[in-house]
Amino acid sequence: MRKPDGKIVLLGDMNVGKTSLLQRYMERRFPDTVSTVGGAFYLKQWRSYNISIWDTAGREQFHGLGSMYCRGAAAVILTYDVNHLQSLVELEERFLGLTDTANADCLFAIVGNKVDLREEGAAESQEEDGHSPGMASGGCASLKVSKQVRPEDAVALYKKILKYKMLDEKDAPAAEQMCFETSAKTGHNVDLLFETLFEMVVPMILRQRSQGPAQTVDITSYKPPGRTKAGCCA
Amino acid sequence: MHPREECKGIQDQPADMMSTKAFSLVSAVERELLMGDKERVNIECVECCGRNLYVGTSDCFVYHFLLEENTLPAGTATFTATKQLHRHLGFKKPVNELRAASALNRLLVLCDNCITLVNMMSLEPVPSGARIKGATAFALNENPVSGDPFCVEVCIISVKRRTIQVFMVYEDRVQIVREVSTPEQPLAVAVDGHFLCLALTTQYIILNYSTGVAQDLFPYCSEEKRPIVKRIGRQEFLLAGPGGLGMFATVAGISQRAPVHWSENVVGAAICFPYVIALDDEFITVHSMLDQQQKQTLPFKEGHILQDFEGRVIVATSKGVYILVPLPLEKQIQDLLASRRVEEALILAKGARRNIPKEKFQVMYRRILQQAGFIQFAQLQFLEAKELFRSGQLDVRELISLYPFLLPTSSSFTRSHPPLHEYADLNQLTQGDQEKMAKCKRFLMSYLNEVRSTEVANGYKEDIDTALLKLYAEADHDSLLDLLVTENFCLLTDSAAWLEKHKKYFALGLLYHSNNQDAAAVQLWVNIVNGEIHDSTRSDLYEYVVDFLTHSLDRELVWQYAGWALQKSEEVGVQVFTKRPLNEQQKSSFNPDDVITCLKKYPKALVKYLEHLVVDRSLQKEEYHTRLALLYLDEVLRQGPSTGGRGAEVTETQAKLRQLLQKSDLYRVHFLMDRIQGAGLPMESAILHGKLEEHEEALRILVHELRDFSAAEDYCLWRSEGRAPPYRQRLFHTLLAIYLGPGPSAPELTVAAVDLLNHHATEFDAAQVLQLLPGTWSVQLLCPFLTGAMRDSVHTRRTAQVAVGLAKSENLIYKYDKMKLKGSSVRLSDKKLCQMCQNPFCEPVFVRYPNGGLVHTHCAASRQTNPSSPSPGART
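Keeping their order, the protein sequence lines are chains A and B.
Mapped onto the working numbering, the consecutive letters of the first sequence carry residue numbers 510 to 743.
Mapped onto the working numbering, the consecutive letters of the second sequence carry residue numbers 178 to 1053.
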């Protein structure tokens, strides 16, 4: 089996279209997919590098596997459904924590999928936005406002992630570059998403290689998680 | 004895269409061998080491069997177990686990929380009584850290809470080397090197017992299901995950393979490359690690042990032991191919690469690719088929041989054995469907056309090209001709018969030609042109044949068919002689006399041929020129005299005749003159007179008979071409004389004379002309002539003056050069004396004569005045 040089992991709530995105990119088609069990991965040859792309299961049942899948990842694609605000919220609440095991310089892409389904609702939601400019902060108002996710919401999440990772915005790639809106059904922006990431991952692979034997993961550099767990319980 | 119970493990297998048969399940130890009819005794654990099979029971017995593998003629393996001995361990507890350490000849037996070392053969405990106490479970390190071959590393889950201990076990002693505590109570353990893979109460972790560093893998719930921790290879483990997943994890805590999907209640897992085998209470399931797909399901009730021992997979119920016998990989692949599952077969074959020697693998893999290619082909998936044929380096003839009658009868090809596919021929494959048949043929056409120029074709070029020719001919395909006119290896007899059958006679001719049988080719084509056989491939076949003969090097052949070609059309037919390539003409050209003899019957052709000799090839032979001139003349005479006069409307032939008469100097003038006499061809006879230098007569004809004055002028110019000016002058004067001559002086002659003078003033000697002219002519009339003559005269004089001047200056230049050559530097000293007065020079001024003599300036001056004085040069 070819050994991958770098890893990219797709994370996100169930039914946001992770498997479809990956199949659209790898197989150029949009078949009906069933709920992913556990996980699956593809090997993509990009220039002379093998990049493994892991499709994870969004179902709560498999949530525990996420950390392991993310271990050593060079990039994480956080996927939500542009028509379901909750799926964006879940990214922060449930999935961000899983990326703690990823590489220290791990890239984050925020991807809003299913833009093909947004068409009718979009105008409507913008209208509502226009009517209630002052109420943006009000919790009850946002409930009433449509479930559509605006691109600004994704950018805001991206900035939160940088803060969470304690990264300076200046050092990380710009939010505009890392937030995508895609449609696995039409193929909109799908190639752009993956290929942008590949282009950014390749220099990381090179950097890792030049750093020498650190290719084998040095697990001593991780703090034993057992202790923190224990501390939490005690 | 207990037929019902005997069948408990294996059930009748339903035929599952979409599954691979990777394993077959056979019985190894039957119940009566173990416990006879003791109903309540169960099998607790199993160990297999080489041919030794050990079974531990719930009533604290260890059984030792020898396994004998027998292969039935049908190819399936069966096992017979022969009981060696059994021994009671002396407790009232079940035997929990058995592990053999063959290097030590020891069996490790876990019973009642204690690991005892017993002799593998006698099952007697070691005399030293060495044992490990306080163990609830243990695992052997198959990737040991110490290099000592007489020591095994054993890792136990201690009865002490949250404790793992590592021991070194020798032949008759044990030694604890490490004790590590775990964050939670461990339930299962596997070891690789320094890495422990542990199932704790709520999660799986990797623990490095040397450094104590732990790494979380993923959470699970031990209350809901029994954990599975199984080492599957260097630094990699297989774990039972949530939702019935079989998760792979490396010691680095990374998953490098996608999980396999089991049922929720899996109790055991084993590996037999490339398969992951899992056991639940109803089935044994087989997944491929290559594509994560489930490949086989074997119904198996009440199984509770599944383990692999050095590649041998053993499964057991509480009453019987069975072996999962893997089918040979090739058999599995063949089964997949037989059920048309090409992709899976290829994945499996590729996955086997590292398990099979390279040479053997390549042969096997190529064959599989070829078989897969035929499967795709039979489904009309031609693109895929082509790629598989290409990568499998298929002998093209395998494919050709599917098509009836395409391989040449002489081909020595026989299909490979065992066959690559199940089809006798295309008829069987398409079941007579004409449309499918046509598609297959089109595919073969394009495929053969692609490969015929590649190395795939090496050695079978004849077979390929012949097959291609047959396909093209049958399909009436344009490429048939392209194939035949370029280099090809079509076999003659086979191809010829086929082309005849399909009435491709023109193509057949091409085939003959490419086989150096031009005579047969031309005969065939001639028959087509003559309408004896029918083939409408070319409407211009006659011209084609003529062209073919023109370029043919076979002179016999050309002679043979020249007559035929000329009969069809003299003008076109004669091309076989006239259009032959130049380089060939020089080498072995046809003798013109032979050709002329041949062409006697074809006057038009003869004319063309003579034109070719005289004009194109410029042959300087009197006979050809005279003959051509005569032929022209005959033709002109045949057409009847032209209206004469100012031959505006001369026929083409007449023009050619005149041209020839003028240009050629070789024909027999007198002979032609005789023929022309009285034929009413004044222009022609004028030319002939001209050839005889009879200018007066010629000009007389032109002026008096034809009254064509411009022709007369042209005549003067023509005849004086390349001659000295006086000759030309003489001609013009002759013409002028005729104009002015005695006889019925017509006014038009006068006008012609004036025009002649005025237009060609320079061609006349003006002085002579003036004497000839009648005195009545006005100066004005001759103004241009006179002006011209004057100008010419003046011009001549001035030119002469200029020439004189130039000659003088040229002379001067030569003189100057001569002086310069004679001169040299002069040294003046006390010893030099003036040659005139013989006194020395007192000043740096002197005169030098051209002969080099030096004198005082005053002496020179005095000499000037006295020219009689002797020249200074004479003195030197």
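Derived from the structure by calculation, the hints contain no laboratory data.
All C-beta atoms in this analysis are idealised placements derived from N, C-alpha and C, irrespective of residue type, glycine included.
Be careful, since some hints might not be right.
Away from chain A, derived, C-beta distances all over 10 Å, residues of chain B [said to hold, decoys possible]:
#1 Ala-277
#2 Leu-317
#3 Gly-569
Stretches of chain A that chain B covers, calculated by requiring three or more beta carbons in the stretch to come under 8 Å of a beta carbon on chain B [claimed, not checked]:
#4 663 to 673
#5 699 to 711
The calculated SDA-like cross-link candidates involving lysine to any residue, where the alpha carbons are at most 20 Å apart (straight line), are [stated by the list, open to error]:
#6 B:Lys-527 x A:Asn-559
#7 B:Lys-527 x A:Val-546
#8 A:Lys-553 x B:Gln-433
#9 A:Lys-553 x B:Gly-528
#10 A:Lys-512 x B:Met-466
#11 B:Lys-270 x B:Glu-216
#12 B:Lys-402 x A:Val-546
#13 A:Lys-512 x B:Gly-528
Checked hints:
1. Ala-277: 31 Å, holds
2. Leu-317: 24 Å, holds
3. Gly-569: Per Cβ check, Gly-569 (chain B) is outside 10 Å of chain A; nearest 22 Å; holds.
4. 663 to 673: Our answer is that it is violated, as 0 residues pass the Cβ test (under 8 Å) against chain B, missing three.
5. 699 to 711: Contact hint for the segment 699 to 711 of chain A vs chain B: violated, 0 residues under 8 Å.
6. B:Lys-527 x A:Asn-559: 18 Å, holds
7. B:Lys-527 x A:Val-546: 26 Å, violated
8. A:Lys-553 x B:Gln-433: Given that 20 Å is the threshold and the Cα spacing comes to 14 Å, the pair holds.
9. A:Lys-553 x B:Gly-528: Within the cut-off at roughly 18 Å; holds.
10. A:Lys-512 x B:Met-466: Given pair Lys-512 (chain A), Met-466 (chain B) holds - Cα atoms ~15 Å apart, limit 20 Å.
11. B:Lys-270 x B:Glu-216: OK: Lys-270 (chain B) and Glu-216 (chain B) at ~17 Å, within 20 Å.
12. B:Lys-402 x A:Val-546: 18 Å, holds
13. A:Lys-512 x B:Gly-528: 14 Å, holds
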